[in-house]
Each structure stands twice: as C-alpha cells, then as structure tokens.
Amino acid sequence: MKLRKIVWTASLVVLIALLVSARRLVKANQAAMAGGISRETSAFYGH
Amino acid sequence: MGPIASNQAHAYARLSLWFVLATSIATTVHHYYRFGLVTLLLGALLVGLPVFCLRAFRRTEQFVALLGYGAVSAWIIIGFGLFDGWWQSTLKLFLGNFLLAPYGAYFSWAPVGGFGFEATGIIASFSSLFAAYYTGRFMRLALPVARGHSPSLGRTLLAVGVLGLLLLGYASRKQSGYAGPPAAGELIKIGVIVPTQGPQALLGSSFLKAVELAKAELPGTKYRYELVVADTGVNPIQTRAAIQKLIGVDKVRAIVGGISLPGEIIKPYASYAKIPHLCVCSVSRIGDGEYNFTNIPLPEDEAARWVQEAKRRAIGRVALLWQDYPSIDGHLLALRRELESAHIEVSFARRFARDTASFAAMVDAAIASRPDVYFVEAPEPALSRLGRQLKAAGVSNLSSIVAISISSDLGLFEGAWYTDSNLADADFAARFVKRFPGTRFATHMMPYAYDSLRLIVDGFESGRDPAQYIRDKTEYSGTPGRVWRLPGSGNYRSEPAVWIIKQGKPEILR
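Heads up: the protein sequence lines correspond to chains A and B, in order.
If you're matching positions, the first sequence starts at 1 in my numbering and goes up one per residue.
If you're matching positions, the second sequence starts at 1 in my numbering and goes up one per residue.
The set of hints was computed from the structure by calculation and includes no laboratory data.
Check the hints yourself; a few may be wrong.
Ranges of calculated distance between the beta carbons of each label pair, as one might list FRET restraints [claimed, not checked]:
{"id": "1", "chain 1": "B", "residue 1": "R58", "chain 2": "A", "residue 2": "K27", "range": "42 to 52 Å"}
{"id": "2", "chain 1": "A", "residue 1": "K27", "chain 2": "B", "residue 2": "K274", "range": "26 to 36 Å"}
{"id": "3", "chain 1": "B", "residue 1": "S271", "chain 2": "A", "residue 2": "R23", "range": "56 to 66 Å"}
Source: prediction; values computed, not measured.
Backbone N, C-alpha and C fix where the C-beta goes; we use that ideal spot for every residue, glycine too.
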C-alpha cells in the first residue's frame, strides 16, 4: 500500500512536470511555426 | 476463487477499470480536438465496452466476458495509450521535436497540436501504463477461475493478438522506399524544397524556376512528373514540418533542395524514407553517398578557382572580411589553405557578426594593411552595408566567392570579380529569360538545380531504383560543364567560373 502511494505520487509529480513542460514546448512551437525571422532563427538563412 | 484471492481480484479489477476509463476519457478529449463532436461516439464505446464486459464477468464469471474485457482493455491501452499517447504525443513532443530533434525522422511525424490536444495525449499515455499493470494483475488472478477457460485457447488468442499487432505495425509504416519500377505513365511526385521568403527569396525563386525549366524541357518520358513545391520556412521547426508533409502526406519519391542549413534537416528524413535527395548546397557532410548527394562546387573547388584567378592577376596580398556563418566559414577555411599553398599573403582577416552596423574601424584597418584585393563574403543585408562603407572609403578592388552574385545592389560592386556557378551551356540563361521574362536571373545554384532534377528523372526513367542510379552515376556532362563524383562520395563536384560585375551586371570571364 505504501509502495503504491509512493509510485502514484511520483507519477503524478512527473505527469505535472511533463504537462508544464509541454505547455512551454507547444507555445514555442506555435511561435516558430507562425513566426517570421526572429533573432535566433534569422541566421538560418545567412546563405 | 478463495476469499483472499477473490478480494485481490476485485481490487485489481476496480483499479484496472479506473485506469482504463481514465485512458478512454483522456483519449476521447484528445480526439475531440481533431474530429469534433463525432468523437463522442468513440467515447461512448471506449467507456461503455469495458464497463459492460467487466459487469458481465462479475455476474456470470464466464471466460468469454473476461476475454472481452481483456481485448477491449488491450485495444485501449495499446491503441490509445501506447500508440496515440506515447508515440503520437509524449515521445513525439519531448524527443522527436525537442531532446532528440535531429533524429526526429525516427519519431512520429504527426504535427504538434495545441496544449489541450498534447496534454490529453500525455495523460492517456500515463494512465495506460497503470491500466496495463492492473489489468494484467487482474487477468492473472481471474483467468484460472473463469468458467469455460481453456489454457490452449488463451495461448492461441494471445498469439493471434501479437501477430495482429505486428501486422498493424507493418501496415502503418510511414514510407516503404523504392517498391520497384512504376507502372507506365504513372505520376511521380518530386519534392522541391527551397526558401520562398526571407533574405533568400530571390535565390529560392530562381532555383524553383530552374527546376521548372528542367521539367518543361524534359524529352518524352515513360512516366509523368509533378513538382510538389514546399517552402523551407525560416527556421528548423518550419523546415521539419515542410519535409514531414512532403514525404508523409504528399508522398514525394525524390527531393531536390537548396541551402545547406535546411539540407542538414532534410538529410535524415530522406535516409529514413529511402528516397534520393539532391541538395544544391556546399556543406559536404550533407552528402552521404547513400540517399543524400550535394551538387554544387565544394568550398575547396571555389577556393582553388579563386586562387587561380588571383595568381593570374598577380595578387600577392589579400584582406579578408566575412560574416560568421557556416557555409561562408567553410569557404574561408578552404580559401586560407589555398592562399597559403600559393604563397599569397593574408594582410588582414576579420570575421564579423550578422548584425554589424558599422564597419568603419574594420575597413580602416584593412586599408592600412595595403592589400591588392579585398575579399568580402556575407549574405544580405550585411553585404550591401559593407559594400556601401567600402565604397565610401574609396575601396573598389573587391572580390568574393559567390556572395556578390546574390547581392541586392550590384552597382556597389562594379568591377568586382568572384567565383560562382559555371554556365558551360551558354544557351541556358537565354532559355531561362525567354521562359520567365522580367525575372532576375540569379546564376548561383541554378545550373545545379536544373541538372539535379534531370538526374532524378533519368534515375526513374532508367527503370531502376533512382537512388541506386544516382549512386552509380559518377560523372555527367551538365549545364555547368563536367560534373564528377568519387565513387562512394556524396558530393558531386565541378569547376566554378569567374564572373565580373560590368555596368551593374554579372558577366562570365571565359
């Protein structure tokens, strides 16, 4: 029972961390897909 | 079933059902983002079926009901938890598009959706693991006591299930590579991926027109060809989305591309899909000799031609000014090697950042070093900025590798000489201008773009695997003259030409 609680709690923490990271990744991806030439990406077309 | 085992079985049954239902609900919401209200039908099925089967088993203890619950749970866990959740959301997002992005070809190519879509996929992937564990524990306890259970039937059904999964996996492969010669008259799609926006739009537009000219000038062919044009976009994420669509959705069977940085992103996708990719780009590592080939002079070819011309002009000292950028750095590295072996002195060398606004101190120092020629290489807009400031300082003896060819203000470089694509086929420019009147003819890359499409078409017309045809093709006479490749190498090479700006126009020196 104790082990089950530890596993469930650890999984919940990992899940929440993944969801928070996913939110940032999705936003960054949307910005890149919609974006023009940002400072970070403009070098991509230097040549 | 004894009372303890029975209690354990009931506990595992409850936990199994909770996590199966959690996976079902998460995946229903996940699919709602793509398919709308019709997903409610799927949701009703995903929630109703496991509840129905488990209730039936608890009421009757029949093996068939337990088998039904196991099968429905397996469908939900594998199909929606592992495949949809892990593969198409969690691993795709965190590994394919982030931590292991350079190996993105080996992960799901599903586009990254909104947060709600991806979050429900992640939740489904997590809950499916718990569902798998508790369903397994429950089945192990319940199977031996189910009425009508036969161990041999259980094993047979398990084998059928595993075989079915393997067949499903085989059928859902993203690309099968070369599948034998196409049927006569079949339509073959060839992807053309170049920048159509940003600073390289001129180059991309000329490149595209050169490929269109090549297609228009194809002789009678066994197959029909269609060009599927894609924009590389302005960053690696857009390039990845473009190549995934070209191969995964448009089903192109070969790719012609330009510009090194997108080429490096496209390379693993072409290898993964086992289709030929001819890249008109100077970064030699893109060409692997398997599926990826570069088709433009290498930096050492450009450097050797530049030094040859410099010696003809009796140049003994050169000042180097160039922008920090991979392919330009490659040119400079090769050029400095050639200069050293030709005993031409580098009087001044300075690499500058892309956003350098004032070159005054750099230009003054370069002038003070008293060079015979000023070598400048940068893309726009830095090239014109530097050109204006050099002109204002009275410097006119300029030279370059390629860069001046794609300057937006050729007037700044009157009298400058540079190496660039050769045009051994003197009629090529005239045919281009006739077909696309009013379009600026940017020589750089165009002859190679033209030849690359012809090479791919020749590969298909040969009736062999076009990638193998290209692997075997180590020499041909093309628009820029003789083009050769060492066996096994991924780099087609040719000798560039020397050009000069005369009255605001590039002119080839023969």
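Hints and how they fare:
For the pair B/R58 and A/K27, the supplied restraint of 42 to 52 Å holds, since their beta-carbon distance comes to about 46 Å. Roughly 35 Å separates the CB atoms of A/K27 and B/K274, a value that falls within the hinted 26 to 36 Å. The hint said 56 to 66 Å for the Cβ distance between B/S271 and A/R23, and at roughly 33 Å that hint is violated.
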